[in-house]
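Peer 1: The chain contents come next:
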Amino acid sequence: MAALLEVRELRTEFRTGAGLVRAVDGISYTVEPGETVAIVGESGSGKSVSALSILRLVPDPPGRITGGTIRFAGRDLLRLSENEMRQVRGGEIGMVFQEPMTSLNPVLTIGRQITETLEQHRAMDRASAQRRAIELLSLVGIADPERRLRQYPHMLSGGMRQRVMIAIALACEPKLIIADEPTTALDVTIQAQILELMKDLTRRLGVALVVITHNLGVVARYANRVNVMYAGRIVESGSAAAVYRTPQHPYTMALLRSVPRLDRPRRSRLDPIEGQPPDLTRLDRGCSFRPRCRFADEGCAAARPALETAGERDHLAACFRRGALLGAEAAE
Amino acid sequence: MSLALPNETLLDRSAAGRPFRRSLLQRVLSFCVREPMGTLGLVLVLAMLIAGLGADWIAPYNPTSNDFTAMTEPPSWAHPLGTDQFGRDLLSRIVFGARTAIIVGFTCAIVGGVVGLVLGVASAYFGGGVDMLFQRVLDVMMAFPLIIMALAVVAIFGTGVQNVIIAITIPLIPRCARVVRSSALSIREVPYIDAARTCGLGHARIILRHMVPNVMAPFLILLTAFVGQAILAEASLSYLGLGVQEPVPAWGLMLQGGAEEYASTAPWIAIFPGLAIALTVFGISLFGDALRDALDPKLRDR
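From first to last, the protein sequence lines stand for chains S and G.
Read in order, the letters of the first sequence correspond to residues 1 to 332 in my numbering.
Read in order, the letters of the second sequence correspond to residues 1001 to 1302 in my numbering.
Errors might be hidden in some of the hints.
[Unchecked claim] Pair ranges (Cβ atoms, derived):
id	chain 1	residue 1	chain 2	residue 2	range
1	S	His214	G	Leu1029	48 to 58 Å
2	G	Gly1202	S	Ser128	19 to 29 Å
3	S	Arg122	G	Gln1245	27 to 37 Å
These are calculated hints, taken from the structure and not from any lab test.
Cβ atoms here follow ideal geometry from the backbone N, Cα and C, with glycine treated the same way.
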């Protein structure tokens, strides 16, 4: 099956006062139709910028996509005109943002904000757009949709607003939804509801999902595949199960280790990753994780490791020291 | 689907099911209680509006007809505010002058305000080079005081009500655009604008539908200030002989000519039109200030 989304060597740069920031530095990944792919990384690793790059909404200036291709449903999005791109946004790719509190316009009713997208892409008249909006609201599990349509965002709870955002993203039956930290601003029980909802809907409607998160729990439970990003690059990529069971990159290992877990003794200390993510304006030739890596040696400073097959088929990792890493893992 | 949690809907119903909404009358009343000075302003503005709109019924005389048997008469029962040197009833001229002031004041404020609103929001929305260029153009326009700019425009287009409106509207545009832009800049950064873009909406739609309604509060306050400024500017231009022309009744015009000549012998010719200008502008300012307090959520609950 042809991939729905195929990102190849995507580069996005920001010109800042401090210098050139390669926020996304040649990342490649694919998303198959109906699949859920997670992009994981800490703040500043370039995961959100990579998502905005797909929709070509990186603020320019200072940002700019400087290379690569983004093939979506057979077309290179980077070559489309701005008008064609607007048809893609909201029409073929929907997006859900992190902040349900501020992602809805406070002065417009919920109904207006849903029908607006429909009118834009589907040339629907008011009445049928209204009907579709009611349908969408019940689809995302909002009770009494007719009344909700007439309400303003401040009358809804955070979880409900995120459901509305999902309804807007789904409005035009897109093939792909990009969710940028969709649950970060919600409390834990609502997070679970929203994630279940997204999982259920993507499966039922056959929509592919790219979910950007720093929550490894989300990844484990909902993603088919995982791309781990660090300093603008993908350092490990593979099926969610494989990445969890046998992480092949020291960063992924450290990330998994730093998560508090219920199956460990309660008073044991967390094992955080020491140090800070690197300053993206002054990266050297070597592996960017090297300063924080337990396994780094001189070889890691000489060049940047490329993604290579590690372990299973489709499981890739960018590390020179995988041998030592696996040895240490086995010893523990 | 079992995802609509009964808990969430229940909670929401109590909070949002009955939206907190007061009738217009209730809101006006609570405004009056909290803002006594604003109420005074509102009363002055309403008085002026009623006078201007109902001039045909309120004015006891024709404002342009002369009564040569009663020239420079002091206030009396027949002429409550006296007459001018041509025997025209001052009260009638002031009432009809209110109409001129309303036409000029509101037209200038609304046209200048709306044009400035759209330009200001667009400038903030596009940002970058467009914004930079536009702001420098505004700087140039703002370098001239309102009345100087208006004088220059009148010098080009000539006098008369229509040209006065144009002359006052043009310098109001950059003043509005500047203020609106600064409010719109903060809205530009709010995620719902990005969200609107990810829905594939066009620039015009985002500017008009999503950004403009969010700068309405500062815009409305600005608009009231503009009405006052425009009335004052019209009076100044007319006083200088570059605005509304005789015999059209206009307050600035009434201060000119006879008012100066007879200042010591018939002071009422100057006092009453001057009072009309002062009270109107004062009223509008008071109302605008109160409106700002009422619309500013930070000051609302004091």
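Peer 1: All the hints need checking, so say for each whether the structure fits it.
Peer 2: Against the structure, the hints come out as follows:
{"no.": "1", "hint": "His214/S / Leu1029/G: 48 to 58 Å", "result": "52 Å, holds"}
{"no.": "2", "hint": "Gly1202/G / Ser128/S: 19 to 29 Å", "result": "21 Å, holds"}
{"no.": "3", "hint": "Arg122/S / Gln1245/G: 27 to 37 Å", "result": "57 Å, violated"}
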